[in-house]
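Visitor: Sequence:
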Amino acid sequence: MEIIKEKLEEKIIPNFKGGNGRYIMRAFDDCDNKIMFGTLEPNSSIGYHTHTQNSETMYILSGTATYILEGGAEEVVHTGGVHYCPKGGSHSLQNNGTENLTFFAVIGEHHD
1 MEIIKEKLEE KIIPNFKGGN GRYIMRAFDD CDNKIMFGTL EPNSSIGYHT HTQNSETMYI
61 LSGTATYILE GGAEEVVHTG GVHYCPKGGS HSLQNNGTEN LTFFAVIGEH HD
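So in the numbering used here, the last spot in the sequence shown is 112, and the numbers never skip.
Since the hints were derived computationally from the structure, they do not count as laboratory data. Treat the hints with care, since some could be wrong.
Taking lysine-lysine pairs in the DSSO-like style, the calculated list, with each CA pair at most 27 Å apart, reads [as the list claims (entries may be wrong)]:
# : residue 1 : residue 2
1 : K11       : K34
2 : K17       : K87
3 : K7        : K17
These numbers were taken from a predicted model, which means no experiment stands behind them.
Based on the sequences and whatever the hints tell you, model everything.
Guide: As structure tokens, this is what we get:
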């Protein structure tokens with residue numbers, strides 16, 4: 001099945017998960033997987049959250065992503081890099097750069 005980004009509804013979400021600024025998202029969700037095309041504007045963030053029933057894989061399309069991990073560790077991922085948050089893991093995402101941060105993410109549900 002082909003998923004075409006431009007055919008997905010664009011949502012602009014302020015302060016997503018307690019973060020700052022605007023998160024612009026287009027998503028496909030079939031209850032087993034969520035596929036997202038995301039944009040974080042400069043000085044915007046997605047708040048710290050835990051993936052209790054799923055995992056998340058994020059591929060950075062452009063910009064530089066700064067992740068805050070459990071214990072406050074910082075992970076910087078550049079264009080072309082991948083960040084993985086396993087089931088039970090926690091993270092937040094920040095765009096500290098001067099250009100938009102764009103990414104492609106897949107959140108896979110885990111049915112125990």
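Visitor: Which numbered hints does this structure break?
Guide: Of the numbered hints, all hold.
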